[in-house]
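Build the complex from these two chains, which are given one at a time in their own frames, with help from the hints.
Listed below, chain by chain, are the residues.
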Amino acid sequence: MNNRKPIIKVENLVKKFGDFVANDHLSFEVYEGEIFGFLGANGAGKTTAIRILCGLSFPTSGKLEIAGFDVYTQREQIKRNIGYMSQKFSLYEDLNIRENIQFYAGIYGLPVADIRNKTEELIGELGLSSIANSVVRDIPPGWRQKVAFSVAIFHNPKIVFLDEPTGGVDPVTRRQFWEQIYQAAARGITVFVTTHYMDEAEYCERVSIMADGRIEALDTPENLKRKYNAGSMEDVFLKIARG
Amino acid sequence: MKEFIGFVKKEFLHIFRDYRTLIILFGLPLAQILIFGYVIRNEIQDVKIAILDESKDPVTREISARLLASGFFKIDQYVASAKELENIFKRGKIREVVVFENQFAERLKRDGTAHMQIIADASDPNSAKMIVTYTQGIVSTYLSELNSGTKMPMIIEPRIRMMYNADLKSAFMFVPGTMAMILMLVSAMMTSIYIAREKETGTMEAILVSPLRPLQIIAGKVTPYILLSFINAVIILVLGYFVFKLPIRGNIILLLGETILFISLALSLGIMISTVSSSQQQAMFISAFGLMLPTMLLSGFIFPIENMPLVLQWLCAIMPPKYFITVIRSVMLKGTGVLLVWKETLIMISMLAIFIWISAARFKERLQ
Chain A
1 MNNRKPIIKV
11 ENLVKKFGDF
21 VANDHLSFEV
31 YEGEIFGFLG
41 ANGAGKTTAI
51 RILCGLSFPT
61 SGKLEIAGFD
71 VYTQREQIKR
81 NIGYMSQKFS
91 LYEDLNIREN
101 IQFYAGIYGL
111 PVADIRNKTE
121 ELIGELGLSS
131 IANSVVRDIP
141 PGWRQKVAFS
151 VAIFHNPKIV
161 FLDEPTGGVD
171 PVTRRQFWEQ
181 IYQAAARGIT
191 VFVTTHYMDE
201 AEYCERVSIM
211 ADGRIEALDT
221 PENLKRKYNA
231 GSMEDVFLKI
241 ARG
Chain B
1 MKEFIGFVKK
11 EFLHIFRDYR
21 TLIILFGLPL
31 AQILIFGYVI
41 RNEIQDVKIA
51 ILDESKDPVT
61 REISARLLAS
71 GFFKIDQYVA
81 SAKELENIFK
91 RGKIREVVVF
101 ENQFAERLKR
111 DGTAHMQIIA
121 DASDPNSAKM
131 IVTYTQGIVS
141 TYLSELNSGT
151 KMPMIIEPRI
161 RMMYNADLKS
171 AFMFVPGTMA
181 MILMLVSAMM
191 TSIYIAREKE
201 TGTMEAILVS
211 PLRPLQIIAG
221 KVTPYILLSF
231 INAVIILVLG
241 YFVFKLPIRG
251 NIILLLGETI
261 LFISLALSLG
271 IMISTVSSSQ
281 QQAMFISAFG
291 LMLPTMLLSG
301 FIFPIENMPL
311 VLQWLCAIMP
321 PKYFITVIRS
331 VMLKGTGVLL
341 VWKETLIMIS
351 MLAIFIWISA
361 ARFKERLQ
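Residue numbers (our numbering), protein chains in the order written: chain A, 1 to 243; chain B, 1 to 368.
Pulled out of the complex, with its shape left as it was, chain B reads as follows (with noise of 0.2 Å):
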């Protein structure tokens, strides 16, 4: 025990005598959260708009008030004529210019259609799309109260509920796919990497010739590192419930009882990384592009995996962080309890066991 404890010591000084690397550990679960939270959304939120009012009556006023008395919208200018858009789109300012023609109310009440046009800059055609579909939302919305007075035809009218995330927030989204990403790279590439800096420098050499034996090394190596994510991921949460609002209704020892989970299985990653490279380079490339890439790209984070080819899918299916940022989520929005989660808790921790089992026989291959 009095060994291990040295060794741990040791591990901390590491650490501790880097500080840039320790700067990064902690920055970047912050400066991530924060980006991802405020800057990168998909929700939209005072996009600035234009409108080009050529009748100017009852109806195109009222319109344009609820665009703006929307929330998702902000007029920046009244433009007076057509001429104008094609500068005014050039400015990159204004993503959206809405287009009354001549005696809108009038043509509406007589020929019982109206024309408006939307233009949006399509140059980024995720948010473009988005912004046309609340704006034809708006305007429906106002139809179908324009037309409730009047005699016509029956109207289904979807009542549309989102649960567990009501107002659509991407922060919702992002915080727990932030969570397994920040905790991919603390701890398999950070162990990775410092494992085999230790082969390099010829070090675990001299730690295998010592009495200590492999599982005291492994554990000594890993103790430090279970402590700084599980510290990272807190912090995460924290920020997420704080500055977002993100709630958490499930039950918080279940929480992080998956995370520790999900932490220990990152480890035998890295773990395993460092038994198959040589050099910390290699073990830096293997766990940015084997880990970090598929967490971003194959894990549901950022993109849905019910929309990807069957192959990717079947790829998902054996990347860690999928199943832990499904049963995050379950927990923390829709505050499910195991009886929902065994499935992906089950998963995990059968990868854990084959992961620890593969590193353990490479161990023992290289004693060979």
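This is chain A alone, in the form it adopts within the complex (with noise of 0.2 Å):
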């Protein structure tokens, strides 16, 4: 594994706001391909620093490189090669399925006759065509998440960044949901995902676990299970949260 290329290097990544220190020295890379989970309590900092890597909120310091482009000077290089989904599913509810995905589409900067296939093949791949002119507002979550992750990585990014996507669906659909993520891993996207499920850090390749701001922990599930004497991932959060 570990001949595999970093795409995302971090190195003492510090953020402050004002005293408060939200991400003490972070330091940790993610290879290409790799599903990585980033686990950590609410208020651990993980917001924060998936803020940073994804150009929404500059570092107070440290050495960030992100698919190959420094983060403080080649922000547009980054932009294009990364996609974003966040617990919210960031799509308009006004708007129905194949106008969100255009519009996405659209600001990415695709050629526009590429924009009206690779939509009708998604519409078909997702299995949509029946619903692909309902406003988001009518759908369930469940297929609002589908289409949410499918626009994040429409572009072809090199990496996309989850923020707690499965929040507020049921287990079926997060397992679904899953699928796809391996699927998108399985083209070649790398995921970095955060979440605090922890049956999904089972799903992921490495995970990292956060706490007060620091990296407590760095490893493949297994390896975390192992070390902490833990029968699940849960056991090892709760064992690293309580210090």
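If you are wondering where the hints come from, they were derived from the structure by calculation, not from laboratory data.
A few of these clues could be false.
To be verified - In the DSSO-like style, the derived pairs of lysine-lysine whose C-alpha atoms are separated by at most 27 Å in a straight line are:
#1 74/B <-> 56/B
#2 199/B <-> 16/A
#3 63/A <-> 364/B
#4 146/A <-> 199/B
#5 199/B <-> 88/A
#6 48/B <-> 88/A
#7 88/A <-> 9/B
#8 9/A <-> 364/B
#9 146/A <-> 9/B
What the hints assert, rightly or not - Partial list, derived from the structure: chain A residues whose beta carbon lies under 7 Å from chain B:
#10 79
#11 88
#12 90
#13 94
#14 106
#15 123
#16 182
As the list claims (entries may be wrong) - Computed far set for chain B versus chain A, every beta-carbon distance over 10 Å:
#17 13
#18 31
#19 91
#20 101
#21 112
#22 202
#23 294
#24 297
Built from N, CA and C at the ideal position, the CB exists for glycine as well.
Pasting the structure below:
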């Protein structure tokens, strides 16, 4: 595994809000094509870190390289190579599925003819032909989630950042969603995902666990369970969180 | 550019999908102009009056005839006795009763003095005052004519001319004011609500992660509203011109230019409001109380600024609509050129710069 190329390189990332240190010298690497779980309790600093990685916020200090580009000077190139999906799914509720897909494809600058063909292809793949003209407000959360994820990787990014992507959906839909994530990874897209469902942590190739702004553990789920002598990721998490 | 067009297209989709808002956007100026123009009016016309003439001589008949010929008043009924007056006012239809005393002409001739009484329904004090003033005016005109033959002492007769609005039409005042209000509503309120909505639903983040530049996002957001506001402004001007015969004496290009300046100003205000509010409701409240009320009350639209207490006058001085209304009135009614409105124009441009600067600063802060 260690002969894989790193696609995200973070060295000593620090983010302060006034006196409060949200990210305290984070250092980690994510490899190309990997599914990387980014775990931590609420308030541990996950969202701050993911926002910095996506270019929504500036770091206070540290060296960060994403898809081979520098976070400070090459934001433009980074943005072209990443996708992002938040817990809120980020779809326009008053637009229909087709319009949402076309809009997001449009702001990534894809050629118009491509957008049209690929949109229909995607709608067919997702099995949404019958409701492609329904406004998002009227479709169930599970389908919204599917569409939101497809939209986030529509422009074929090198990395996709998923911030709590499975919040508020039922276990069956979550299961299906992870199948979608595996498919994306199989296409070579690196997946960086935060979650607080510990069963989902088991699906990741490697996970990091944050507490109080620091990364306390980073390894494969098997190694972590062995190291902490725990039966499940849930136990690992509790042991780390309790210090 | 392609990305930008896609963005604008999406904004139009939002607007057209929400057809109720669209109806409000275009129905409102129509309704408001017609309401302000026809219903709420300062001038007097066809006010229903009653006359109690206990004398019934040539003089009282002449005064009555003149009152009714003026066009301001319309006779509803002749009253026979003072006992009926109370009931007449209670019914509310009649707003003034003119009473002539017994032997009016005779007393006038004999004593040089005769009494008439003007009783007005002052439950609406402003119009009661105006109705009474108009009545007095007609009576004193008649009186001075009556005196002109005789050897009365000197009389100073001021000749009054109302410049720029000879008929004192209130539409002249309401059209520019309504224009300021509608443009504020469409530009500032709508943009602030729609941007706040993107923040609320998380789509703003998704757009910020995309390669679109912040400037493209803002421009894409406001372009449809510039267009809508401009169409609205033209509708109001056309309505004012054809329905209320509001003259456009100044340069139409200057007028439209100033309108676009004010639209940009309102949009920048809307953007600024959206940067400080976190939800649609908040944006709506700030726009309604921070913009709509001052536009109506503190811009000279309804209440003249010169009559306000000093503190309120200062407050008026920082209200953008005040300057727009001043400019629009001078250009439309007086036909002034850019040389006479440069001060107001400059103030509006500076305000625009300040609002954009604050919004940009707030936007950067969010990224920190």
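task: Compare the structure with the hints numbered earlier in the document and write down the numbers of the violated ones, lowest to highest.
output: Violated: hints 6, 15, 16, 17 and 22.
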